[in-house]
Amino acid sequence: MAIPSSNGPLSGSKKRKRVAADESTRKPKSKPKDLPVITKAVILRPAPKSKKPVEPTSDENDEEEDEDMASGSEDDEDDLASRQAEMLQLEEDIISAKTATARTKGLNSLLEQLEDESEEIAIMTAVGLCRTFCRLMSRGQLVRHKDHSPEQLKMVKEAKETYINYLNGLGRMLEGGEGTSLKLSMRLLKEESIHMKPSDDYYFPFLTYGVIIKHLLLSDSSDLVTVFAAEYIYEFSDLRLEFFKAIPTVSKEIPPSNIRYSENLFNILYNLKDLPSTSEELTDLNLYLPAPTKKKHPLFQIAAHQRYFQETWLTLLSRPLPSKQRDILTILPKRIIPYFPNPRLLMDYLTDTYNTGGVIALLALQGLFNLMMSHNLDYPNFFPKLYALLDRDLMHVKYRSRFFRLLELFLNSSHLPAVLVASFIKRMARLCLAAPPSAIVTVIPFTYNLMRLHPTCTFMLHRVLGKEVDGKALRTEGYVDPFDEEEVDPLKTGALESSLWELETLQSHYHPNVATLAKILSEQFTKQQYNMEDFLDHSYTSMLEAEMVKKITKDPVVEYIVPKKIFGEEEKKDDDGILPPAQNMLLEFWDFE
Amino acid sequence: MPSQLKRLRESLKNAGVIGQPQKSKKAKKRARQNKSGNDARLSREAALESIREEFNPFEIKKTKEKFSVAGGRKVKGAVGKPSVSKQIGEENRRKTLLVEMQQRNKVGGIIDRRFGENDPTMNPEDKMLERFTREQQRKSYKGDIFNLEDDDEVLTHYGQSLGSLPNDDFREDMDGSDDDLLRPVKRGHPLDGELQSDEGEEGGPPKKKSKAEVMKEVILKSKYHKYERQKEKEADEDLRDELDAELGDIRALLAGIPARPPPGKPVVADASADGSLHADRVAQINSGLNVDSKYDASVREMTYDKRSKPADRTKSAEELAEGRAKQLQKLEKSRQKRMRGEESSDEEPEEEEEAGSDDEFGLGKGIKLAADEKEFVHGDSDSEEEESESEEESDEEGDNGAEEADASGPRPSRRRDLDNDDAYSDDYQSDDDPDAIASDGEASGSEESESEEDDLMESENEAPASKPTDSGGKAGPKGDSALPFTFPCPQTHQEFLKVTAKHKVEDLPTIVKRIRVLHHPSLAAGNKEKLSHFMLVVFDHIIYLADLPTIPPMDVLEILLRHLHSLSKEFPQASATRFREYLQKFFDRIGQQKKTKRSDLVILTALSIIYPTSDHFHIVVTPAMLVVARWLSSNAPTDIEKLVHGCYMVTLCLQYQRLSKRVIPEALNYVYQSLVALSPVPPTKVPGSFPAHGVESISKLRISSSSKDKLELGKLKFREALYPDSISNVATMQITLAYAFTQQLLAFAKLYSSKTAFLELTKPAASMLSHYTSPTCIKSLPKAFTAYINDTALPELERLRSHAQKFRRPLELHHHRPLPIPSNYPKFDEEYSLDRHKGSYDDDRDRKELSKLKAEHKKERKGAMRELRKDSQFIAREKLKERKVADQEYHDKMKRIVNMIQNEEGAASNAYEKERAGRKKPRK
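As you go down the protein sequences, you meet chains A and B in turn.
The numbering used here puts the first residue of the first sequence at 56, with every later residue one more than the last.
The numbering used here puts the first residue of the second sequence at 3, with every later residue one more than the last.
Honestly, the hints are just simulated from the structure, not real lab data.
Note that the Cβ used here is the ideal one computed from N, Cα and C, for glycine as well.
Take the hints with a grain of salt, since some may be wrong.
Derived coverage of chain A by chain B (criterion: at least 3 residues anywhere in the stretch with Cβ under 8 Å from a Cβ of chain B; other residues may be distant) [unchecked claim]:
1) 503 to 517
2) 557 to 565
3) 585 to 599
4) 608 to 615
Excised from the complex, chain B in its bound form (with noise of 0.2 Å):
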């Protein structure tokens, strides 16, 4: 630091008091220009003063530190003024307080807000100036807006002044006798960029021109155009003819090409113009007027036509194989996608949102977990979400592309017009097969698509009579001929079995089939809502169908299951509602322990098709699997009809879980529970944990060795087994079902045989297997149902559990990254100060929010008390002053008044002591 003396010279050079002052001449000059001497003295005086002031060492306040502290710290307050500030506080009062105080009590008064009026320094000349330039600028401000005589600018349209635009307008008022009819299509179309106006282009570079001249240039402008139409009229008569008279011709040539008008287009234009082409020309001749507006009409609209494409190439086989394998892939690609959860379930980032942490294992109520505990619950965080989901729009949009492309020729969307006839066949294949999405085509693919002839709407009386063997099969065309070809849309059950009730069973599927063609929902408006509900319908009379004493014709079921199955795929939601509502009832019905239906085998055998059952989560199948769980762990086998019901049951668990493989502990429970109900002599102890439920104890179920003769081994019959009055032969069912068990079993074992706990999941089966072989049991049981045991099922099971042991290895599940052990020393930060307060290094922020907050507060509340404190003190001091001068003015009074009476006392002694003296020198 340079010393005291040296920084004064500094300071005083740098104001420029002492020393050559290093400025330009021109500087100088304008300097002393700009200022008078008397100027230059006055402002050398002020830098002198506050220099003066800078190095008073008594106006500047310090504290000393005692030590000082390491990290640069400033204190704040070491340094301060003390009297400039209490001075800057004090005029701030004398300006605000003060002025309140002396007009306190007072009310009114007038504000004087004339300019300049308190500014002494002002000329008198200036202010009046001043006040002229204000006064005219307030008048400006308010006028502008709504002046529109000095209006520069102009308003346009698409760049064009609108003064030139209306033109046409004018012109068409003008002549209003014109009865040309042409004139429009001269005109154009407003957007049609090639027959844009001339005069558009004439009024283009933006001329003043008055209202007049305007007038007259569009007066002269239509009587030209008049004339030249008139001329040119004569001239087009006889040319429109001819080209009317060819028009035919080239209609035809445009339906010549399968083109076909594009999305959203009105469809009645087209067909109008279709149809009445012979009853054009009879109109043309009758009132030309009004032809020729259709004409024109139908021009407009071929010029909005798309071009014809040329028709794609027919596809070869290995190019239809190829697509449709690719079709495939990306199908199997998206549900394994949704098997390992990884795509975005339902409803998930709201149900997030909403339901925040309390339901995050979805247990249902009373389930809470802690936020960091998300990931566990969905498997994936959002954004991985959305972008699958987002894959698979891409994917799905994929499809669509895939899928016109594969089409040949203009490949119709769903919302495709109706004028092609043979519309309904190619939706229906795009919908319902994904063959017919590859080898569709109207002209091509025709042999290949009627040579896999399976589809719904296709297929006109294919589906009973398709099985010439069956009895329906020669029932079907006979029916069909007498079958009526309109159906209403039933939208009740009790509706549908009206209309069917005089139709024969095996006419179902042509019935549905044609309500669906009749009420397809491009048909019309209501279609949609109507189908919605006949998919209702239809499900109602699947259940009406199994239910029945009586089998239905298996292959009509069928086809009204993948009815359903193709509604569902229309009406995802809807269906989706139904079977969900149809399992909360089933549900219930379990709770209830009422008996099993047939059709509730049959609902979850429908479910088991027409949804991926393969998928994490699913909002059908989901509900579906705990209500097939909760039905195998209250239904416990102790009678043939339950042990029936429960292989289904059993068979339906492999059916869902054929491509997931997820683990169903209720499933093999049951198969296991239902070998020991049916083994002929009870195990010694029941194998493995699964709950006994006492079945090891009922008897009735057990083979007996009554049974054992010649038998065939097959499957279990489902005309037989669920239709309670065919059961012929109970021993026979107990055979066939205990060996359906063992066959389950081991697809179970092959199903889980990549589980961890594959040895533990199925130690029961072994024994259980090999208590049926035992010699106690063997006896009982025929020979071929041991030899399966014995020469298929017990190796097979030994193979796989060996080849388990063998590779089984102890978990290894937490390879993870070590969590770093919590530590608790100080972080340390560059940038640390100890002029920032401690609260902001805290690494909460609401708490280092709040800890500011309250510092502030605490800060404003000292500071204002302050500010108190000083005011009042401001405000005693101000008043005693004025009691000071106050009090001073009445001593003043008081002297001056005791003067006086001094005075005159004064007076009157000294004229008393004269005229004593007087009146003594008289005596003397």
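So here's chain A without its partners, still in its complex pose (with noise of 0.2 Å):
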């Protein structure tokens, strides 16, 4: 036993890989590498007694199949071989069993086989199960009957509640980040929606497929979710569709603390693409089972997709999840407002993210302006909230020209007060003092633009003083910036009665085309707008580049007096005492002695 408990995780785990890879593809193509396995698998397991009434054709296919799943776990090693056969002699037991005991405790012997320590084990026996269930369910002995005799009922019965004790069993080793057992519980839930159907129509096995759903989305392992979002939900339509259907109730078992289980949720629908958004696009699906017959089914309508996602976001949206907001607030205007029948359900959403204030506000913004323009939101004390968005770090944060496009539709409409827009410009104008150049090649066309519409704003730049100040106070004290910065209400900080004197401080700027455009807001304003787009996406790096694109024509010039010392104090001559050598900043604060 030693060398297979040494050898098992490494051979099952990689048994594992290859399950959960490559089954789907190998399935149809590989039947002649696998054929010695296979009768290797039938000489093993006596022959099927014929004691069964009828047996459907498609039994054998199922059986192959089965073996075909099995031979992934029955492998080298003797032991295991050996462990094998006596499983299979165990399954033959429990599908001819004739009474209910027998077969019920065959079935939980295997089930407690499930809990064994060696994984190696655990797959076989889950695998030896699923085959098992496949044949009851294809026997019909999961299913009650009317012509049932009431010890077949019991034996219905009890198989059925050991086939949900399996799917618990299955549902742990998801959890545990076990392929196989993804496989294995797909497969069942083929099975049963071809063999359990109520009646002769379609039937989406939703219960197990909720077991499924829930434990995998707790499961630890991402790569195993990943997995399964990739091979099944964004591959068929109907799983997708049953998954959208499924996760509010699922999601109302697991606590909204569990950060695993929303993060799994997450993932999965963050990489969720290509929607469908119209109905003609439902017409040719891909699906996991066989499809169905009517043509009304909700499977073919648009707005029943549409409906289970949008509540499937809402269940996410309702549990905390800080570390995704950013995310989830990016692709939210592009992804999923545009796929909510009633995208005012994010309001509440949308509006507690846009208080929390800083980026997260930022990237709100969007959303809520989606939702105003075209689902008539009213916001109320809008401005002012978009006015305590200008704050310290706005300037340097990543999302500042997305901001900057928003805001710059927001003070588009000459018919906002010109208080109001005096006040951002003022503010801006305050943050552009710490700001990157980057940021003040924004502002200041913005300014210009909003000068334009609100040409009550220009006194800001050009105010004369008439009688009414009074002329000895200014004297003596100057003139008072009557701006508030302090003030919330964009409507009352007085920024229409102060200066620009920080825009005009620029004009000082040490990038000389930084200095140059503030220049436009002291020449005469003859230009209509600024396109701000081209002020909008700069940087450091841009701007660096664009200096480094030019090429030196003429001869550089340089400093013409060497001086003799650059790293000391220069001795005092007093020869002359014209012009007095600039102050060496370096030796103010340095000493290089």
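Assemble the dimeric complex from its two separately framed chains, guided by the hints.
What follows is the structure, given as structure tokens:
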């Protein structure tokens, strides 16, 4: 036992990987390679007893496929082979058992084995059980039938109970991140949909699916979730729809504090792309289960898809997930809102995030704007909150250009009071005093545009004081800036009475282009508007690149005088005091000796 | 308007049909002579005809104007002569179209080009005469060019005919046996005006001579000259010997004057003349011929030598100071111009053309502005730039001029010769040190230049040894003695390292200096390139030295930097390129969050010294500023190392902007952030609007109370702060840093005190400083520091702030002439006329052109259509005419035939009747 146990996890994981990744593609084409294994399995298994009255012809195929699956776990080691043989015997017994007790006993023993410490054996057992249940299902021994005898009914009932237990067992394996279990459970799902339909038409085993989803989403392994999402959810429309349907109910069972669950769900939803947006796209679907015959089935209704999509998202949004909020908000306008039948339901979420302030609020702004524009959302106190977003970090965050694009939209109306616009201008100007050049470059043309739109604001650039001002006080105390930095309400800041000294100061910015750009404010306003798009996306890198592109054509000016001392004080000579040498700032603060 | 009758009479009178013709008798006579009576009658008829036509009301068609419109409009086509124009059209068509029509489907034919053949009015005599003259003319045209015989023109050279010039050549050919050596001297130089040959004058008047005559003359002349020379030769021989013997003395005299040969003169000649003086004599004895030719050459060259000028007077100290001050003032003026951005910065004119309106603000891709915004971008219009450029040039010229004038003696320009031994020192002084320029002068200024001996090249063993206290001071001279005097010029840093591996660091300046002297550009052709490579090597070596784990002697580094500076002056482009490359790399490293190296700081320092950082735009400084700003904004003060680097960077910002006082938001932000991070207790609310980057919550940098002890506040020590191993006491360092930042804050405040937003800029400073003096902080700060803040920094800041507040006024930026309201009422045009087309009043030139073209096209099209229509009508008419003619012919023919037949028939019937009557008769 020592050898297999040491080998066990390794080979097991190897196998799992292969099963998880390859099985779906391998199945149809790799028959020849697997052939010897099948024969071996067939030899090992005693011939099926012909007691059963009717054996569906498809059974043989199923069994073969079962073997195919089983072949993954039965391999080299003899020990395992013997256990396998044992298990196969047990399976046969279970299937051929005539009494409820016998069958239940067999099943329970297998279930116990499922809890085995050895992963190898557990997987093998899971595979065996899956095979057993599939066969039971195909023989109709998991469904009650009216001409069943009481004994048979009991058998069915007990088999069903064990089946549920088995499912839970599989779920636990899923939580452990076991790849084979995912495969098995999806296979059971398929079998169930075929053999356990209550009526003739389409049946989706949603209970089983719910169990699978629940356990899967609780799993630690994000790999498994990704595999599940990529191979099933994104691939098959019916699985996706049922997934959406199941999430709200499943989520009720999981406490909101479970971050693992929320993150897994988020990962699946975040990468979900190309959802159908019209009914036409729903005609030729890729389905996991046989398609329903009815044309009006919800699977073919775009409304149903969208409704469940919306519910799923709302479920996720109702759970706290602070780490992913940024991502959610980023994809919200493009990939979520359009698919919502009723985007107004996002209102609460967006309002809450917006109220938190900071970068998150910047991002929520876009969603809110969408809602306001297309869904008639009335947002009280919008401008004060927008004003509050202009904080000290705004000019330095990555989403600056995104925010300014929106801000341009918001302030573009000429019906806004000039007082409000002035407050925004003044606030931006203040921020510019501590902003990188790329941000200043955005603000100046923006200010220009706003001034063109609200000519009253030009008083901030040009104000000749009249007689109403006390000349004496002005002479002694100067002009006191009426702008109140701390004021929250943009209508009360008094910015309109202030002046834009900040932007005037930026005319002596260290970057020559910024300085010249700032000069447009003191020129005559002859241009109608600047196109903001040209000024939004700049950075240090782009600006340096612009500098570096310039070629040296003329000899650059070099200081004529080579100073006698760089790292030390020059000895004073008083032969001429005409031009005192410019003070060396380096020596003011640094001692180089 | 006179009546119809009056007008008729007037025109008849004018035509001379009625009334007394008022002609002089002569005229009358001539007229009578000219035309015979018949002719007169003919012309009279013609005149009458034209008058008749003029007054025929049916020939003129008038369109009646319904209303007369104001503006004196002329309506086109109001009056016309349809029949006349029709007639003309018809005529033209008959000439062209009809001919074509008739020649259709016909190939070939002969066109008769004989003169007057189709003119029946000419007499055959006239015809023949005219034909003959034409033929003669044609002939003469063709032959003219190649006809040498009757050529009156003479080819000339300098106004003399070529025939007289080659006399000398002929003569030379003739007396090939001549061995006279002096002849070349006699002949002189062709451009030497005084020695211009007499022969030229002789041949001056262009007298025609035959070839034989000329030859004869030449022979005679040469013979005469030969005799003459032979006679002179003997006489001269003695005299020449005498002179040759004295030549040495003359030369000595010439050499005594420190005259330098003019620029561009070949060096060899002088040198050989100089060096081989005695050899000359020997050679003279051995072979007179060779020497003489040499002598001739040298004499000839001496004629070109500039007259030696009297040396400039030695300048007095005041004059020197004045010159120097002037120089400095000039430099300062041009610097200020650049600072204001008035001077044309590099490549602007070209860029404006090529970039168009694409990138006016130079912000990089995607920025567009309308063309009318150009002036914002560069601050100037082109003309101004050009002007300033020319000004600059003239400044430079002035500089050169000043230089030359200042210097005592004939001032050597850079391309002067090497024969002067002390060329190097001179050159470098002029390059490196304006003091030297002013005080230069080999003879007089020596004391002074020695006293301020700091010149890189002059002071042989001075550099490291200048500080005797230094450890290297002693090593200096010793090292010198061991140092070889020649080094190869290393082209890569590896080579340089190999070269210097054996020597001490202290010897580096000497080595660099010797390399520079040895490979001075004027010494060999490739040296310039070599030195420019060597500059890059120096650059690399500075980086290498700065990044060494142990600190190199600062004065070595300094001298290397100064070498880099003076080399940069020689090769500005190469050095700028290198600096820019370095900046790009450094920038990339900042982006990758790599560690900042000491060399980065040193290079940025070097940049601040080498380039004028106050320029509005500078190809090196502007990127450097961006790089520093990027560093400051992306390296929040989170640990002590970053703080130290940041402090240095902020210092650099101050250094860069010490003159131009430009605002650097990043630097201020950094100072505030650092003060927040260093403060013993975090401020309750971070003041101002600078980005906090969470520094208020970093606790490891806070000055703790444990460090409170007796502490001398001092400058940051480069040696300690930037070499992390030597940071002895973090707590002390923190205090020093805080002190430095406070000082920098104050320096910024002073720098920006004139800015209108000074209050806003320094608001966080005030609150930060007062936070430092709050009771919670004060207890963990050393006394000296709090005293500094309380006594110096805060009051100073407050003073500046209150001053700024006092002089704060609302902005008044828009004192422009008010923009005229766009007016749309019609512009009144004095010369407005309805006749001019509406389109011609269009202001838009392109549109005007277009509408003009359109109208023209329309007109042409209509005209062409009309012509075509008329053509086809004409053709139809002509065809009809033809057919009519043909039909007529046919009819006539038929008629004739019918007539003939009828005649015959009639005759026949007559005959028949006759016959019958004849037959009846006999019956009767």
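The hints, checked one at a time:
With 4 residues having a beta carbon nearer than 8 Å to a beta carbon of chain B, the segment 503 to 517 of chain A meets the requirement of three or more and the stated coverage holds. With 7 residues having a beta carbon nearer than 8 Å to a beta carbon of chain B, the segment 557 to 565 of chain A meets the requirement of three or more and the stated coverage holds. Residues of the segment 585 to 599 of chain A lying with their CB closer than 8 Å to a CB of chain B number 12, which satisfies the three-residue condition for coverage. Only residues whose beta carbon comes within less than 8 Å of a beta carbon in chain B count, and the segment 608 to 615 of chain A has 8; three or more means the coverage holds.
Checked against the numbered hints above, the structure violates none of them.
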